[in-house]
Amino acid sequence: MKTDIQIAQEATMEHIVKVAEKLNISEDDLELYGKYKAKLSDELMDRMKDNENGKLVLVTAINPTPAGEGKTTTSIGLGQALGKLGKKAVLALREPSLGPCFGIKGGAAGGGYAQVVPMEDLNLHFTGDFHAITSANNLLAALLDNHIQQGNHLCIDPRQVVWKRCLDMNDRVLRNIVVGLGSKMDGMVREDHFVITVASEIMAVLCLADDMEDLKKRLGRMIVAYSFDGKPVTADDLQATGSMAALLKDALKPNLIQTLEHTPAIVHGGPFANIAHGCNSVRATKTALKLADIVVTEAGFGADLGAEKFFDIKCRMSGLKPDAVVLVATVRALKYNGGVAKADLSEPNVEALKKGIVNLEKHIENLQKYQVPVVVTLNSFVTDTKEETDFIEQFCKERSCEFALSEVWEKGGQGGIALAEKVLDTLENKESNFKVLYDSKLSLKEKIETVAKEIYGADKVTYSNAANKELKRIEDLGMGEFPVCMAKTQYSLSDDQNKLGRPENFTVNVREVYVSAGAGFVVAVTGAIMTMPGLPKKPAANNIDVDNQGVITGLF
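What the sequence shown shows, in this note's numbering, is residues 50 to 605, in sequence order.
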């Protein structure tokens, strides 16, 4: 079998203008980035705003293994399969981060014969959106430190600066740093921090903003620090909003590319699901709904993270209502949740599968709480056995769940026909009565505890002293009605990545809390989760190269 990058590089791509025509988009509505990438114009989105919406299908997953188990691949394959069945379908996906690309994943454009292309461009610099977000974030940091240096008329307390610099790279040594060393002219000496770009509040703001006006309002109310008397200092106070918006002008526009089978894919934004809200932009999803009959979107990592935040943050804020959910499982991930080591996942092990399938059971129960129809799909691997597959199918049927085997990695859209047919049947015959998990009127602690107990299965939640103080301050500032964004490991339903399967009798510990006032949610950091990840012992970057002809190798 060829590698993902070989398949992608050997594919024949259509000119992006031709891809756009499938959605009735003219060349005048595209801002071209070469032959195979384009941004959608603001004029197009304004013109389409009164179009009837298509159906929205969310693809989510069980808790993955450290290697990832193909949720994006399944999303892309489903989109291709819907096209084969004659449906006007479009994908609405996230952009990959350079951090995991050079860290563990090596790329995030799907896999096998279910990929979006150009794969190398998407995984690397793409259209520059992440660079723009990084620049805007760090411009604000520079203006903040400059204000302190130039007289500090806002009386900013350097010990209460909460705005962090960012970089789209896994770099653990930047988590905690000291800035301002040197002479008096080099600024005030203080502790500072970096987060990865996909954890920047500007990423969240961009992904939740409706338009430039909304973007500027959200940017302006971002809290960067507190004054000596405890009052919040915002980006508006620093007169930074306009210049940040100028840097983000083009990044606000969704990107159009294609799958290997030329299905249109709108790819825009990319907050991590374990340390941010894990969904592509509201603009991209709403635009896609105006362009197609069926929109396939995804939310990052397992349903305990991405789907919960898709529902309780993105849908709550935007008014989006999903019509169906596809829950991706794999034999490998279920065996991992049953205690099998990553190196042994290819070996048949029905006993481990039976032990780990409780993870799938919990995710089914969780999704049903949102009253959206659920289709379970098993992303097929060549090492799966019939006994393992049959057991999972029977397990789903016993829980009144639709089930379909997906072979999109091997067969592309053709391998997703069974799944696409199940999805179409669900859209036609089952009604979605979507509702969010909790009421905005609940206290922040009640919201955190609702997610921890209802979704994770925790017995209780504990809080550090710092978290308790910050929760009180946020509510005193009038932001207690914000939804919560839980920062948690993706590998477990709990906040401990070693608790696999369906953990019971555990406590979730909230060690840090901060408000993203521009995005409009409160982040609760649990366990050992880091907003600036580190590289593994053997980074994927070690295997990535480019030859004299400019051909990239090592992405997968």
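Think of the hints as simulated: they come from the structure by calculation, not from any bench. There may be inaccurate statements among the hints.
To be verified - DSS-like cross-link-like pairs, simulated, lysine-lysine; straight-line CA separation at most 25 Å:
| no. | residue 1 | residue 2 |
| --- | --- | --- |
| 1 | K494 | K471 |
| 2 | K339 | K154 |
| 3 | K460 | K154 |
| 4 | K154 | K587 |
| 5 | K71 | K98 |
| 6 | K502 | K370 |
| 7 | K84 | K71 |
| 8 | K71 | K133 |
| 9 | K548 | K418 |
| 10 | K446 | K404 |
| 11 | K298 | K280 |
| 12 | K460 | K471 |
| 13 | K548 | K403 |
| 14 | K403 | K391 |
| 15 | K548 | K586 |
| 16 | K418 | K479 |
These numbers come from a predicted model, not from an experiment.
Cross-check of the supplied hints:
Of the supplied pair hints, the one linking K494 and K471 is violated, its CA atoms being roughly 39 Å apart against a limit of 25 Å. For the suggested pair K339 and K154, the alpha carbons sit about 32 Å apart, so the restraint of at most 25 Å is broken. Only pairs whose Cα atoms come within 25 Å are accepted, and K460 paired with K154 is accepted, the gap being roughly 22 Å. Using a Cα cut-off of 25 Å, the hinted pair K154 and K587 holds, with the two alpha carbons roughly 12 Å apart.
Among the hinted pairs, K71 with K98 is consistent with the structure: their alpha-carbon atoms are about 18 Å apart, no more than 25 Å. Between K502 and K370 the CA atoms are separated by roughly 24 Å; this keeps the pair inside 25 Å, and the hint holds. Taken as a hint, the K84 and K71 pair is honoured in the structure, with Cα atoms around 16 Å apart against an allowance of 25 Å. Restraint check: the Cα-Cα separation between K71 and K133 comes to about 13 Å, which is no more than 25 Å; the hinted pair holds.
The suggested pairing of K548 with K418 holds, with an alpha-carbon distance near 23 Å, which does not exceed 25 Å. Using a Cα cut-off of 25 Å, the hinted pair K446 and K404 holds, with the two alpha carbons roughly 18 Å apart. As the CA atoms of K298 and K280 are separated by approximately 30 Å, the hinted pair breaks the 25 Å bound. For the hint linking K460 to K471, the alpha-carbon distance of about 18 Å falls within 25 Å, and the restraint holds.
Among the hinted pairs, K548 with K403 is consistent with the structure: their alpha-carbon atoms are about 16 Å apart, no more than 25 Å. Taken as a hint, the K403 and K391 pair is honoured in the structure, with Cα atoms around 17 Å apart against an allowance of 25 Å. Proximity of K548 to K586 is assessed by CA-CA distance (about 23 Å); at most 25 Å being required, the pair is judged to hold. Taking the CA atoms of K418 and K479, the gap is about 16 Å. The hint holds against a cut of 25 Å.
Hints 1, 2, 11, counting from the list given before, are not met by this structure.
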